[in-house]
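> Construct all of the structure, not just a fragment, from the sequences and the given hints.
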Amino acid sequence: MQLAKLASIIIASTIKFIGGPLTGAALGVPWLQTALGTTLGMMLSVLVVTYAGAGIQKLIDRYRSRKPRRFTTRTRRAVRVWKRFGMAGIAFLTPLILTPIGGTAIAVSFRVGRLRLLTHMLVSAAFWAVLQTLLLYQIPGLTGFFSHR
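Here the UniProt record's numbering is used: the first residue of the sequence shown is 1, the next is one more, and so on.
Think of the hints as simulated: they come from the structure by calculation, not from any bench. Keep in mind that a hint or two might mislead.
[Stated by the list, open to error] Here are the computed lysine to any residue pairs in the SDA-like style, where the Cα-Cα straight-line distance is at most 25 angstroms:
id, residue 1, residue 2
1, Lys16, Val81
2, Lys16, Leu44
3, Lys16, Leu98
4, Lys16, Tyr63
5, Lys83, Phe110
6, Lys83, Leu47
7, Lys58, Pro30
Structure representation (C-alpha coordinates):
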(Lines of atoms letter the chains of each structure in order from A and count residues from 1; the text may use other names and numbers.)
(Lines give C-alpha, C1' and ligand atoms only; values in the text may rest on other atoms or scores of the structure.)
Protein backbone atom coordinates (compact mmCIF):
# COMPACT_ATOMS: atom_id res chain seq x y z
CA MET A 1 0.00 0.00 0.00
CA GLN A 2 1.20 3.46 -0.76
CA LEU A 3 2.11 5.62 2.19
CA ALA A 4 -0.01 8.49 0.83
CA LYS A 5 -3.16 6.34 0.92
CA LEU A 6 -2.48 5.26 4.48
CA ALA A 7 -1.83 8.88 5.49
CA SER A 8 -5.14 9.89 3.89
CA ILE A 9 -7.02 7.26 5.91
CA ILE A 10 -5.28 8.29 9.15
CA ILE A 11 -5.93 12.00 8.62
CA ALA A 12 -9.58 11.43 7.68
CA SER A 13 -10.25 9.39 10.80
CA THR A 14 -8.57 11.84 13.18
CA ILE A 15 -11.37 14.33 12.56
CA LYS A 16 -14.39 12.07 11.99
CA PHE A 17 -14.08 8.34 12.55
CA ILE A 18 -16.18 7.18 9.57
CA GLY A 19 -13.88 9.22 7.33
CA GLY A 20 -11.22 6.51 7.60
CA PRO A 21 -13.32 3.64 6.20
CA LEU A 22 -14.86 5.91 3.55
CA THR A 23 -11.43 7.10 2.42
CA GLY A 24 -10.01 3.58 2.37
CA ALA A 25 -12.94 2.29 0.32
CA ALA A 26 -12.73 5.20 -2.12
CA LEU A 27 -9.00 4.63 -2.59
CA GLY A 28 -9.40 0.86 -3.03
CA VAL A 29 -7.29 -0.03 0.00
CA PRO A 30 -7.82 -3.56 1.42
CA TRP A 31 -10.23 -3.64 4.37
CA LEU A 32 -7.70 -4.74 6.98
CA GLN A 33 -5.28 -1.94 6.12
CA THR A 34 -8.19 0.51 6.15
CA ALA A 35 -9.26 -0.68 9.60
CA LEU A 36 -5.70 -0.37 10.92
CA GLY A 37 -5.31 3.12 9.45
CA THR A 38 -8.66 4.17 10.92
CA THR A 39 -7.64 2.90 14.35
CA LEU A 40 -4.31 4.72 14.10
CA GLY A 41 -6.05 7.93 13.09
CA MET A 42 -8.43 7.88 16.03
CA MET A 43 -5.66 7.03 18.45
CA LEU A 44 -3.53 9.88 17.10
CA SER A 45 -6.39 12.25 17.91
CA VAL A 46 -6.88 10.66 21.32
CA LEU A 47 -3.19 10.99 22.18
CA VAL A 48 -3.00 14.64 21.15
CA VAL A 49 -6.17 15.63 23.00
CA THR A 50 -5.27 13.56 26.07
CA TYR A 51 -1.89 15.16 26.55
CA ALA A 52 -2.76 18.64 25.29
CA GLY A 53 -6.23 18.46 26.86
CA ALA A 54 -4.92 18.20 30.41
CA GLY A 55 -2.91 21.39 29.94
CA ILE A 56 -5.81 23.17 28.30
CA GLN A 57 -8.13 22.07 31.15
CA LYS A 58 -5.71 23.52 33.73
CA LEU A 59 -5.53 26.78 31.79
CA ILE A 60 -9.34 26.98 31.58
CA ASP A 61 -9.69 26.23 35.30
CA ARG A 62 -7.25 29.01 36.14
CA TYR A 63 -9.16 31.68 34.25
CA ARG A 64 -12.72 30.40 34.64
CA SER A 65 -14.96 32.65 36.65
CA ARG A 66 -16.32 31.33 39.92
CA LYS A 67 -19.92 31.74 38.74
CA PRO A 68 -21.95 28.54 38.51
CA ARG A 69 -21.79 26.99 35.06
CA ARG A 70 -24.91 26.48 33.01
CA PHE A 71 -25.63 23.04 31.71
CA THR A 72 -26.60 22.68 28.09
CA THR A 73 -28.52 19.76 26.60
CA ARG A 74 -25.24 18.48 25.26
CA THR A 75 -23.44 18.52 28.60
CA ARG A 76 -26.44 16.92 30.33
CA ARG A 77 -26.31 14.04 27.87
CA ALA A 78 -22.59 13.60 28.46
CA VAL A 79 -23.12 13.55 32.23
CA ARG A 80 -25.98 11.06 31.86
CA VAL A 81 -23.81 8.71 29.76
CA TRP A 82 -20.94 9.14 32.20
CA LYS A 83 -23.06 8.35 35.26
CA ARG A 84 -24.70 5.34 33.66
CA PHE A 85 -21.85 3.75 31.70
CA GLY A 86 -18.63 5.51 32.74
CA MET A 87 -15.55 5.61 30.56
CA ALA A 88 -16.64 2.50 28.65
CA GLY A 89 -19.81 4.27 27.50
CA ILE A 90 -17.95 7.36 26.37
CA ALA A 91 -15.41 5.22 24.49
CA PHE A 92 -18.15 3.12 22.91
CA LEU A 93 -20.03 6.16 21.62
CA THR A 94 -16.97 8.11 20.47
CA PRO A 95 -16.65 6.59 16.97
CA LEU A 96 -20.41 6.49 16.42
CA ILE A 97 -21.82 9.74 17.72
CA LEU A 98 -18.96 11.78 19.07
CA THR A 99 -15.78 12.54 17.18
CA PRO A 100 -12.41 11.20 18.38
CA ILE A 101 -11.63 14.72 19.57
CA GLY A 102 -15.02 15.24 21.23
CA GLY A 103 -15.11 11.90 23.04
CA THR A 104 -11.59 12.37 24.33
CA ALA A 105 -12.35 15.92 25.45
CA ILE A 106 -15.34 14.65 27.43
CA ALA A 107 -13.22 11.96 29.08
CA VAL A 108 -10.49 14.49 29.91
CA SER A 109 -13.10 16.85 31.39
CA PHE A 110 -14.23 14.02 33.70
CA ARG A 111 -10.58 13.66 34.72
CA VAL A 112 -10.17 10.06 33.57
CA GLY A 113 -6.65 8.68 34.04
CA ARG A 114 -4.57 8.65 30.88
CA LEU A 115 -3.90 4.90 30.80
CA ARG A 116 -7.55 4.08 31.37
CA LEU A 117 -8.64 6.58 28.72
CA LEU A 118 -6.14 5.31 26.15
CA THR A 119 -7.02 1.66 26.80
CA HIS A 120 -10.77 2.17 26.46
CA MET A 121 -10.38 4.31 23.35
CA LEU A 122 -8.03 1.79 21.71
CA VAL A 123 -10.44 -1.10 22.25
CA SER A 124 -13.34 0.99 20.97
CA ALA A 125 -11.37 2.24 17.95
CA ALA A 126 -10.26 -1.25 16.94
CA PHE A 127 -13.76 -2.72 17.35
CA TRP A 128 -15.56 0.01 15.44
CA ALA A 129 -12.86 0.30 12.75
CA VAL A 130 -13.17 -3.38 11.87
CA LEU A 131 -16.97 -3.39 12.06
CA GLN A 132 -17.53 -0.18 10.09
CA THR A 133 -14.92 -1.05 7.49
CA LEU A 134 -16.33 -4.54 6.90
CA LEU A 135 -19.89 -3.22 6.67
CA LEU A 136 -18.88 -0.39 4.36
CA TYR A 137 -16.90 -2.70 2.10
CA GLN A 138 -20.04 -4.78 1.54
CA ILE A 139 -21.68 -1.95 -0.41
CA PRO A 140 -21.58 -3.06 -4.07
CA GLY A 141 -19.46 -0.95 -6.36
CA LEU A 142 -18.00 1.19 -3.58
CA THR A 143 -14.59 -0.46 -3.54
CA GLY A 144 -14.58 -2.19 -6.89
CA PHE A 145 -14.62 -5.49 -4.98
CA PHE A 146 -17.67 -6.77 -6.87
CA SER A 147 -16.54 -5.51 -10.26
CA HIS A 148 -13.74 -8.12 -10.52
CA ARG A 149 -15.08 -11.33 -12.02
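> Tell me if the straight-line CA distance from lysine 16 to tyrosine 63 falls inside 25 angstroms.
This hinted pair is violated, its Cα atoms lying about 30 angstroms apart.
> Straight-line Cα separation of lysine 83 and leucine 47 no greater than 25 angstroms?
holds, 24 angstroms
> Straight-line Cα separation of lysine 16 and valine 81 no greater than 25 angstroms?
holds, 20 angstroms
> Between lysine 58 and proline 30, is the straight-line Cα distance small enough, at 25 angstroms or below?
violated, 42 angstroms
> Do the alpha carbons of lysine 83 and phenylalanine 110 lie within 25 angstroms of each other, as the hint requires?
At roughly 11 angstroms apart (the allowed maximum being 25 angstroms), phenylalanine 110 and lysine 83 satisfy the hint.
> Does leucine 98 lie within 25 angstroms of lysine 16 when you go C-alpha to C-alpha?
holds, 8 angstroms
> Would you check the hint for lysine 16 and leucine 44, treating anything up to 25 angstroms between C-alpha atoms as holding?
Holds - the C-alpha atoms of leucine 44 and lysine 16 are around 12 angstroms apart, at most 25 angstroms.
Going down the numbered hints, you'll see the structure goes against 4 and 7, while the others check out.
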